[in-house]
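Participant: Spelled out from the first residue to the last, the chains are:
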Amino acid sequence: MRRSFSLTPRHTSRSLVAALGLVGLVGLCLTVAPVTNAKQRTAQRSLLAPVKGAKFVHAPFEMGACGACHERDDAKHPGKVQNPGDELCYSCHEGMKGMMDGGRFKHAAAVDACTNCHNPHGSNQAKLLTAALPGLCTDCHEEIKEDLTKKVTHAAVTQGGACVNCHNPHATDVEKLLAGLPYDLCMGCHDTDDLKDPSGKPLQNIKKLVAESQHLHSPVEDKDCSACHQAHGSDNFRLLVEAYPAPFYAPFSEETYALCFGCHDASLATEKKTTTATRFRDGDRNLHYLHVNKRQRGRTCRACHEVHAAPQPFQIRDGVPFGSRGWVLKLHYEKSKTGGSCAKTCHAKKTYSYAASK
Amino acid sequence: MRHTSSPLRVILSAWLLLGVSLASAQSRSALGATVKPRTLPTLGGGKAALLQGDKGDLVAFLPPASHRNGPGALVELARCQKRLARKPLRWVGVVSGREEAPPIQAALSKAGLKLPVLVDEGDRLFAELSGRVRPTVFFVDSKHVLRAVVPFHKVNFCVLIEAHARFLLGEIDEAELQRALHPVVKRPTQAGSPATRMIKLGRMLLKAKKLDGAAKAARRAIDADPKLAAAHALLGSVLAAQGHCRKATAAFDRALALDAANAEAKDGKKGCRSHK
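Protein chains in written order, with this note's numbering: chain A, 1 to 358; chain B, 1001 to 1276.
FYI, nobody ran anything at the bench for these hints, they're computed from the structure.
What you were told as hints is all true, and nothing was included just to trick you.
No farther apart than 30 Å at their CA atoms in a straight line, the calculated lysine-lysine pairs in the DSSO-like style are these:
#1 A:K55 with B:K1216
#2 A:K80 with B:K1207
#3 A:K97 with B:K1210
#4 B:K1114 with A:K106
#5 B:K1186 with A:K55
#6 A:K55 with B:K1210
Required output: the full structure, derived from the provided sequences and hints.
Facilitator: Set out below in C-alpha cells:
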C-alpha cells in the first residue's frame, strides 16, 4: 500500500520549525565560515595585476619589457607567463637562486613561487611585497599574529623591517628561517645603553655585559636567546617564554619559576636535603631550598644570579639592586674548592661546602 | 652551618673530605675525560651497557615528562635520530631514577623516539658528566672519551647534534663543524647584484630594439656599480644602436679602462669605427 502523508496542522508546525532551523543553520554557516583562508588569499594575490601608480615598480614592467616574463612583448596582450615559478625570476635574480640552493632551511612559500609574496609588476610596498609586514607574514603564520597582541611587545617586530629584522624569508642555515643565531641577531640591537622597554625602563646592554663576563648562562653561551625569550610578544615581563618573578622576593612554587624549571630540575629548590640536585649545599643541606623555597619571602634567582652573564662562577652577582632607590645589595661571594661563602648585607659571612659531612 | 666537634670527629671529617674530594675529582667527567663504561638498569626492567657503540655513543639525557620543553625536545631528538639513521652511532637515552616509567615511555612513543632507555639512580651519572639541563646530548667516542656536549637549544638543536655526530665519525672536519655551530648571518638583501640584473634586462631590451628602455637599464646598472665594465659596455652598445657613435665610443672606452679584455666594448668600438 502506498503510504500517504498529509500535513496535519501538528505536522505543519513541526516541519516549518525544522525548515526554518535548517535555513538558519545554513545562514549561520555562510556568515561565520571564513570567506577565504590564508592560502586562498595567497592564491588571489597571485593574480598579481599591476598596481596603478605603484610606488615601487619592477624594472622590466617599468621599461615595457613584458617579453622578459610573458609570451609576448606587448603591454596590452602580454599573454601567459613563460615559465611560472621561481626559475623565471632566477634568470635575472641569480643571487636569490644561490641563496635558496645554499640554505638548509627553505621557506615553503618561496620554494613554491616568488609571487606568493612579491608582485612582479609593482607595489606600494618596498621589495615589491604584496602587502605590508607583518601582515603579509601573519596571513599565513596566524599563531604569530596572536603573539603580536600580547601584553609585552617587541620593537624588533613592530618597527622597521618587522619580521625581516630577524628572519630571512627565503632560505637560511638556521631553523625558523632566522637570518642568524638568535644571539647574533639580538645583539644587533641589544648592544647599547640607550634601549628601553615599552614602559620606558632602561634595558641592560647585554653585549657589553657578556663581553665583560667570564661566566655565561648556557643559553647565552650557546647563543640561544629564544630559550628564555619569546621574540614575537609575550604576556610575561621581558618577553619571557614562561613565568618568572620580577621582584626580589616571591612566594615559592614550581609554577612561579616555570621559566627556570623548563631546563633546570625543580629538585634543586624543592628538596630540602640532597647530594645530587645542586652543589649549593652544605653537606646535604640544600641552600637553594633554604633561600628560595619560602611561602612568602623566597629570594628569587636574581637575588644572587645574574641571568645572562657575570664575572663570577655560577653567574653570581657582585650585587643586586634592592628597593626602588637603586641601592645595590652586595653579596661578597667567594668561591672555594668545595663551596663558597657570602658576606652580607642579609647575614654575616656564611660558608658552605658540598663536601661537608652530613 | 658549622658545629663545634671533638678532635676525633675533626680528623675523621678531614679524611672524609679528602676522600670525597679525590673521588669527586676522579669521577667528575669533563670534555676530554674518559667515561667509565658501566651497566645500568633499563626503563623496561632489565639491564644494559651505557657505552656499546663501535664508533661511539650518543647519550641523550631525556627531559622529565613534565618539562615544558620536554615534548618539543623529544620530537627534535626523534627527527634528528631519523636524519642520522644510517650513521654508525649508538643512541641511548638516560632518565633520572626519580621519573616514573609509564609517562616517559608514553612521551617517547608519542615523539617517535626509539632508543634503549637507562635509569640513572640518584642522578649520579648526570652529576658525573656535569649535566646541568635536560635534555642534554653527550657524545662519547669509541675509546669512551667525552667529546662533545650539546644542551637543549630551541633553535638548531638537531643541526648541532648532527654536526657533532658527523665530526665524531670523521665525516666533517673542524672547519665544517665550526661553520655548522656558528652559521653566518644571511640577510635577504644580500643576495645578488642589482647591477647584474639591470645588465640582463638591458640586453633583453636591446635585443627587442626597445632602445630607450635599454639605455635606462644600462644607466641604472652604472649607478648601482660604476666600476662594472659590462654596464658601460652595454650603454655603449645601446648608444651605438641609437646611432650615437661618439657617445658610444666614450662608453666603450670607459668599459675598456675598467676591463681591457671586455669583448662587447672591443667589438662595439670596432663597429662604430667602421660606420664612420
